[in-house]
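*Asks:* Count along the sequence shown from 1, then add 2; that gives the number in the working numbering.
The set of hints was computed from the structure by calculation and includes no laboratory data.
Note that the structure is predicted; figures quoted are calculated from it, not measured.
Among the hints, a few may not be true.
[Unchecked claim] 30 Å max Cα-Cα, derived BS3-like pairs, lysine-lysine: (1) Lys70 / Lys41; (2) Lys12 / Lys30; (3) Lys5 / Lys30; (4) Lys63 / Lys41; (5) Lys12 / Lys46; (6) Lys46 / Lys63; (7) Lys41 / Lys30.
[Said to hold, decoys possible] Now the in silico label distances, taken between C-beta atoms and shown as ranges: (8) Ile82 / Gly62: 45 to 55 Å; (9) Ser56 / Trp29: 48 to 58 Å; (10) Thr111 / Ser11: 49 to 59 Å; (11) Lys41 / Lys5: 49 to 59 Å; (12) Ile53 / Glu95: 43 to 53 Å; (13) Lys41 / Asn97: 16 to 26 Å; (14) Leu112 / Ile53: 44 to 54 Å; (15) Phe93 / Ala43: 19 to 29 Å; (16) Ser11 / Arg115: 35 to 45 Å; (17) Pro73 / Ala16: 29 to 39 Å.
The beta carbon of each residue, even a glycine, is placed where N, CA and C say it ideally should be.
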Amino acid sequence: MAKVGNMFSKTLLALGVIFLVLFGLLWKGYLLNVPTEEKIANYKLPQASEILSSDSVLLGKIYFENCKCIPIDALPENLINCLLATEDIRFFEHNGVDFIGLLRVGFKTLLLREQSVGGSTIT
Numbered sequence: 003m004a005k006v007g008n009m010f011s012k013t014l015l016a017l018g019v020i021f022l023v024l025f026g027l028l029w030k031g032y033l034l035n036v037p038t039e040e041k042i043a044n045y046k047l048p049q050a051s052e053i054l055s056s057d058s059v060l061l062g063k064i065y066f067e068n069c070k071c072i073p074i075d076a077l078p079e080n081l082i083n084c085l086l087a088t089e090d091i092r093f094f095e096h097n098g099v100d101f102i103g104l105l106r107v108g109f110k111t112l113l114l115r116e117q118s119v120g121g122s123t124i125t
């Protein structure tokens, strides 16, 4: 009986060490790399470099992604409503984490083995 207790203790210790290592890797790799609110507020999209002639005529643009900043106030309200309706119908009913959506994803992924749904929300 002492061997069973000893084996249980070693297994529990091994699981604890594995948990701590995984948590440490998660903390170092993910949680420490989360940007601050200040970085998010001051984020600048990569915009195209414009090549102008000597008389200021646009000759071309150089870019990896041709991003253009548009303030949210300039977007039509119907566009915003369409985006919310297709991406997150319960957007105004939660605080950024849709637990119903997460439960749906967990159920479909784990029990039904489906991987075609997402659990994210617009934040």
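*Asks:* For each hint, tell me whether it holds in the structure or not.
*Replies:* Each hint, compared with the structure:
1. Lys70 / Lys41: holds (19 Å)
2. Lys12 / Lys30: OK: Lys12 and Lys30 at ~27 Å, within 30 Å.
3. Lys5 / Lys30: The hint is violated at about 37 Å.
4. Lys63 / Lys41: holds (27 Å)
5. Lys12 / Lys46: violated (51 Å)
6. Lys46 / Lys63: holds (18 Å)
7. Lys41 / Lys30: holds (19 Å)
8. Ile82 / Gly62: 45 to 55 Å: violated (33 Å)
9. Ser56 / Trp29: 48 to 58 Å: Taking Cβ atoms as reference, Ser56 and Trp29 lie about 55 Å apart, which means the hint holds.
10. Thr111 / Ser11: 49 to 59 Å: Roughly 34 Å apart at Cβ, these two residues miss the hinted range, so it is violated.
11. Lys41 / Lys5: 49 to 59 Å: Since the Cβ atoms of Lys41 and Lys5 sit about 55 Å apart, the hinted range of 49 to 59 Å holds.
12. Ile53 / Glu95: 43 to 53 Å: Hint holds: Cβ distance 48 Å, inside 43 to 53 Å.
13. Lys41 / Asn97: 16 to 26 Å: The hinted range 16 to 26 Å holds for Lys41 and Asn97, with Cβ atoms some 22 Å apart.
14. Leu112 / Ile53: 44 to 54 Å: holds (53 Å)
15. Phe93 / Ala43: 19 to 29 Å: holds (21 Å)
16. Ser11 / Arg115: 35 to 45 Å: Holds - the Cβ-Cβ distance for Ser11 and Arg115, about 36 Å, lies within 35 to 45 Å.
17. Pro73 / Ala16: 29 to 39 Å: Given range 29 to 39 Å: violated, Cβ gap about 54 Å.
Consistency note: the structure conflicts with the earlier hints numbered 3, 5, 8, 10, 17.
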